[in-house]
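Just so you know, the sequences run in chain order A and B. FYI, numbering that gives the first Met the number 0 numbers position 336 of the first sequence as 335, with every residue one higher than the one before it. FYI, numbering that gives the first Met the number 0 numbers position 230 of the second sequence as 229, with every residue one higher than the one before it.
Note that these hints are calculated values from the structure, not bench results. A hint or two may mislead.
[As the list claims (entries may be wrong)] Subject to a maximum C-alpha distance of 27 Å in a straight line, what follows is the list of computed DSSO-like cross-link-like pairs (lysine-lysine):
| # | chain 1 | residue 1 | chain 2 | residue 2 |
| --- | --- | --- | --- | --- |
| 1 | A | Lys30 | A | Lys76 |
| 2 | A | Lys261 | A | Lys168 |
| 3 | A | Lys376 | A | Lys38 |
| 4 | B | Lys112 | B | Lys145 |
| 5 | B | Lys183 | B | Lys104 |
| 6 | B | Lys104 | B | Lys145 |
| 7 | A | Lys314 | A | Lys261 |
| 8 | A | Lys239 | B | Lys7 |
| 9 | B | Lys145 | A | Lys314 |
| 10 | A | Lys30 | B | Lys112 |
| 11 | A | Lys168 | A | Lys376 |
| 12 | B | Lys83 | B | Lys8 |
| 13 | B | Lys8 | A | Lys239 |
| 14 | B | Lys104 | B | Lys179 |
| 15 | B | Lys112 | B | Lys160 |
| 16 | B | Lys179 | B | Lys127 |
| 17 | A | Lys30 | B | Lys7 |
| 18 | B | Lys83 | A | Lys314 |
[Claimed, not checked] Over 12 Å on every C-beta distance to chain B, these chain A residues come out as not near it, computed from the model:
| # | residue |
| --- | --- |
| 19 | Pro47 |
| 20 | Asp90 |
| 21 | Phe108 |
| 22 | Ser150 |
| 23 | Arg209 |
| 24 | Pro253 |
| 25 | Lys277 |
| 26 | Gly288 |
| 27 | Ser301 |
| 28 | Ala329 |
| 29 | Glu349 |
[Said to hold, decoys possible] Among chain A residues calculated to face chain B with C-beta under 7 Å, some are:
| # | residue |
| --- | --- |
| 30 | Thr16 |
| 31 | Tyr17 |
| 32 | Val20 |
| 33 | Val24 |
| 34 | His284 |
| 35 | Pro285 |
| 36 | Tyr324 |
| 37 | Leu325 |
| 38 | Trp343 |
Where is the CB? At the ideal position from N, CA and C, for every residue including glycine.
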Amino acid sequence: MDSFLTPPIYFFLFLTTYFEVFLLVTYFEEKEHFLIPPKTKRMPGKYPSVTIIVPAWNEERTISGTILSLLALDYPKDKLKIFVINDGSTDNTLEVAREFEKNSQVRVFTQKNGGKFTCLNLGISHSTSDLVGCLDADSYVATDALQEMISYFDNAEVMAVTPSVQIHKPNNVIQRVQAAEYMIGEFTRKLFSRFNGLYVTPGPFSIYRRSIFAKIGGFVHGYSTEDMEMALRMQSHRMKIENAHTALVYTVSPATPSALYKQRVRWVSGFLKNAFFKYRHMFLHPRYGNLGMITMPFAFISIFISISFSALYAKNLYSIAYERYLQYSALGFHPAFRWLQFDWFSLNLEFRRLLVYVLLFTTIFFILMGTRMVLRKFTVTRDMLYFLLLYGLIAPFWLVGSLVKFVSSKEVRWR
Amino acid sequence: MQKELNPKKYVLVFLITLSVFAVVFLFSDFLYNRRVTQVKSIEDTINRNILESEIQYALLADSSCESDETTSPVLVSELNNLTKRLAYMEDQRGTTDEEVISLKKYYSLLQAKDYLLLREHARQCGDKPLSIIYFYSNAGNCDDCKKMGFVLTSMREDYNKLHVYSFDYNLGLSVIDTLKSIYKLEDRFPVLIINRKPYYGFKTREEVEQLIPELASIHAASTTATTTNN
Numbered sequence: 000m001d002s003f004l005t006p007p008i009y010f011f012l013f014l015t016t017y018f019e020v021f022l023l024v025t026y027f028e029e030k031e032h033f034l035i036p037p038k039t040k041r042m043p044g045k046y047p048s049v050t051i052i053v054p055a056w057n058e059e060r061t062i063s064g065t066i067l068s069l070l071a072l073d074y075p076k077d078k079l080k081i082f083v084i085n086d087g088s089t090d091n092t093l094e095v096a097r098e099f100e101k102n103s104q105v106r107v108f109t110q111k112n113g114g115k116f117t118c119l120n121l122g123i124s125h126s127t128s129d130l131v132g133c134l135d136a137d138s139y140v141a142t143d144a145l146q147e148m149i150s151y152f153d154n155a156e157v158m159a160v161t162p163s164v165q166i167h168k169p170n171n172v173i174q175r176v177q178a179a180e181y182m183i184g185e186f187t188r189k190l191f192s193r194f195n196g197l198y199v200t201p202g203p204f205s206i207y208r209r210s211i212f213a214k215i216g217g218f219v220h221g222y223s224t225e226d227m228e229m230a231l232r233m234q235s236h237r238m239k240i241e242n243a244h245t246a247l248v249y250t251v252s253p254a255t256p257s258a259l260y261k262q263r264v265r266w267v268s269g270f271l272k273n274a275f276f277k278y279r280h281m282f283l284h285p286r287y288g289n290l291g292m293i294t295m296p297f298a299f300i301s302i303f304i305s306i307s308f309s310a311l312y313a314k315n316l317y318s319i320a321y322e323r324y325l326q327y328s329a330l331g332f333h334p335a336f337r338w339l340q341f342d343w344f345s346l347n348l349e350f351r352r353l354l355v356y357v358l359l360f361t362t363i364f365f366i367l368m369g370t371r372m373v374l375r376k377f378t379v380t381r382d383m384l385y386f387l388l389l390y391g392l393i394a395p396f397w398l399v400g401s402l403v404k405f406v407s408s409k410e411v412r413w414r
Numbered sequence: 000m001q002k003e004l005n006p007k008k009y010v011l012v013f014l015i016t017l018s019v020f021a022v023v024f025l026f027s028d029f030l031y032n033r034r035v036t037q038v039k040s041i042e043d044t045i046n047r048n049i050l051e052s053e054i055q056y057a058l059l060a061d062s063s064c065e066s067d068e069t070t071s072p073v074l075v076s077e078l079n080n081l082t083k084r085l086a087y088m089e090d091q092r093g094t095t096d097e098e099v100i101s102l103k104k105y106y107s108l109l110q111a112k113d114y115l116l117l118r119e120h121a122r123q124c125g126d127k128p129l130s131i132i133y134f135y136s137n138a139g140n141c142d143d144c145k146k147m148g149f150v151l152t153s154m155r156e157d158y159n160k161l162h163v164y165s166f167d168y169n170l171g172l173s174v175i176d177t178l179k180s181i182y183k184l185e186d187r188f189p190v191l192i193i194n195r196k197p198y199y200g201f202k203t204r205e206e207v208e209q210l211i212p213e214l215a216s217i218h219a220a221s222t223t224a225t226t227t228n229n
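This is chain A alone, in the form it adopts within the complex (with noise of 0.2 Å):
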């Protein structure tokens, strides 16, 4: 079985070291970028316009931090508009964030539940500002963020740019590998904006510039997975989306198996639907430069190569829980039986072995450059232990869970 399952381990193994230097590789080149650059207040007036959309469908109990986490945005209160979408609320998410209208910077709006895209279209269709952004109601941002976001903007090609997502207090070991994940994924993110990768523009706080949605159109329902869907149309109409690694979003995280399972169920199975039913023709087409040849390919592929390695890692653990077993079955605790015992010949450095060590070691290289980019500075964490003991565990649930819905094509719901 393991000899049949040799080659194919062996090109998964060379697609992801190869993805993983194209990573490194790239960071190398564009280290710079990746600095924490001190902070400088533009001149009073040089300030775009910005309304921040918050679609909500019962957030009643989150949805207070979220608006005033926007209020104390460090940014001319002039300038900042916050449209409150009530998207058909059960519970009183209406009543609490109509409480926040004696701010002249709030209006609230309702409307029969209709899904995000269609709160986040009718945000826009009210904004007369130059940027347009969105806030999960579940999300809250840091004072700076959106100074942090705005002078990518003084770029003209860029026309959207996306923040750092990270956890919002972890509590839990569910909660905690997430937080890990999350910091890798704003390294992973800067990386593919600094080769125009990037595939999403999180719910949580991508600003858009506003004139972008008179050419491609609004957001659409994208499989349940609008904010992946915008970003693939705007990368098909070749503009530039920048990830402004400074800029924190923290938002809140499944705290439980089944509840991160439902949203990587829709966050994945909305990447394969979106990818292959209506951005097919950008898979491997070099016009669409290192997102087609690249990213979007990796991304469809690792989704068979995190089920096989995880599949082996899964049976290495339950080999080692099985053999501690039969020792424990044939010896008990006797004396002579010595479990941390040491040897170094022992060691498994065995080719396809060493190949996933050095794998292991880029994946941890990431998390603390994840880590520096978010905490600024290089530190070990808890969560990062975590992360590298069960995330290889746990993914697989939601990896098969895409597929099988992919490929029956059932659709996911957004909450």
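Chain B: place on chain A using the hints.
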């Protein structure tokens, strides 16, 4: 910002990836060869010990019974060391790896030679050899073989005069086939030969200790020695 596709970068990344694979492959090959060299060196040491013992027996005959540790044909710890290393290699390279099979065959011959010398020594000195011959099989999933291996390893570590000889039943070595016919072994595993009698199936450590009552005195002696030393 890298605006357009850069074929040179794709080629460069491909070459770096190939280099990473090449370096990792060469490094892994180097480490493997070092391991093989290490195993061969242990085998050479054991072979030399056996040769020394053979000559010693021939020269001194019965007088060698007077000494104790030095007359042991092979240092048990040396053999244990080799056993462990071969088990690791077998685990990592697989049971069908030719190099591993070749090392195991040589190791089996050394064990057989050591066993013969131990028997000869016991005959000359009127002792009872403290030995266990253990047959296991890698064919199929023999969990009891693995469990038996753990028990015997723990006993090896506790009783430094106990010689455990483990043989892969399906190694295809004539010496092993001869042992099989001498003891009229059936294809059931694991099997232990203690005092020339085969015992089939997994045996706990206590059960094995009961089959070799002499072990109790060794254990008592070593415990007394340790206590006295303290």
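* Asked: Between lysine 8 of chain B and lysine 239 of chain A, does the CA-CA distance stay at or below 27 Å?
  -> 21 Å, holds
* Asked: Can tyrosine 17 of chain A be said to touch chain B, with a Cβ gap under 7 Å?
  -> 5 Å, holds
* Given pair status - lysine 314 of chain A, lysine 145 of chain B, alpha carbons within 27 Å -> Holds - the C-alpha atoms of lysine 314 of chain A and lysine 145 of chain B are around 18 Å apart, at most 27 Å.
* Asked: Holds or violated: is the Cβ of alanine 329 of chain A farther than 12 Å from all Cβ atoms of chain B?
  -> Incorrect as stated: the minimum Cβ-Cβ distance to chain B is 4 Å, not above 12 Å.
* If you draw a straight line from the CA of lysine 104 of chain B to the CA of lysine 145 of chain B, is it 27 Å or shorter? -> 20 Å, holds
* **Agreement of lysine 112 of chain B and lysine 160 of chain B with the hint, judged by alpha carbon distance not exceeding 27 Å** => 17 Å, holds
* Asked: Are all beta-carbon distances from phenylalanine 108 of chain A to chain B longer than 12 Å?
  -> Answer for phenylalanine 108 of chain A: holds, closest chain B Cβ roughly 37 Å.
* Asked: Do the alpha carbons of lysine 30 of chain A and lysine 7 of chain B lie within 27 Å of each other, as the hint requires?
  -> Cα-Cα ~19 Å, so holds.
* When the least beta-carbon distance from proline 285 of chain A to chain B is tested against 7 Å, hint result -> 5 Å, holds
* Asked: Are the Cα atoms of lysine 376 of chain A and lysine 38 of chain A separated by 27 Å or less?
  -> The hint holds at about 17 Å.
* To do: Verify the proposed pairing of lysine 83 of chain B with lysine 8 of chain B, using a straight-line Cα cut of 27 Å.
  => Answer violated: lysine 83 of chain B to lysine 8 of chain B is near 47 Å, above 27 Å.
* Check on glutamate 349 of chain A being off the interface with chain B, judged by Cβ distance over 12 Å -> Since the minimum Cβ distance to chain B is about 5 Å, glutamate 349 of chain A lies within 12 Å and the statement is violated.
The earlier numbered hints that this structure contradicts are 1, 10, 12, 26, 28, 29, 34, 36, 38.
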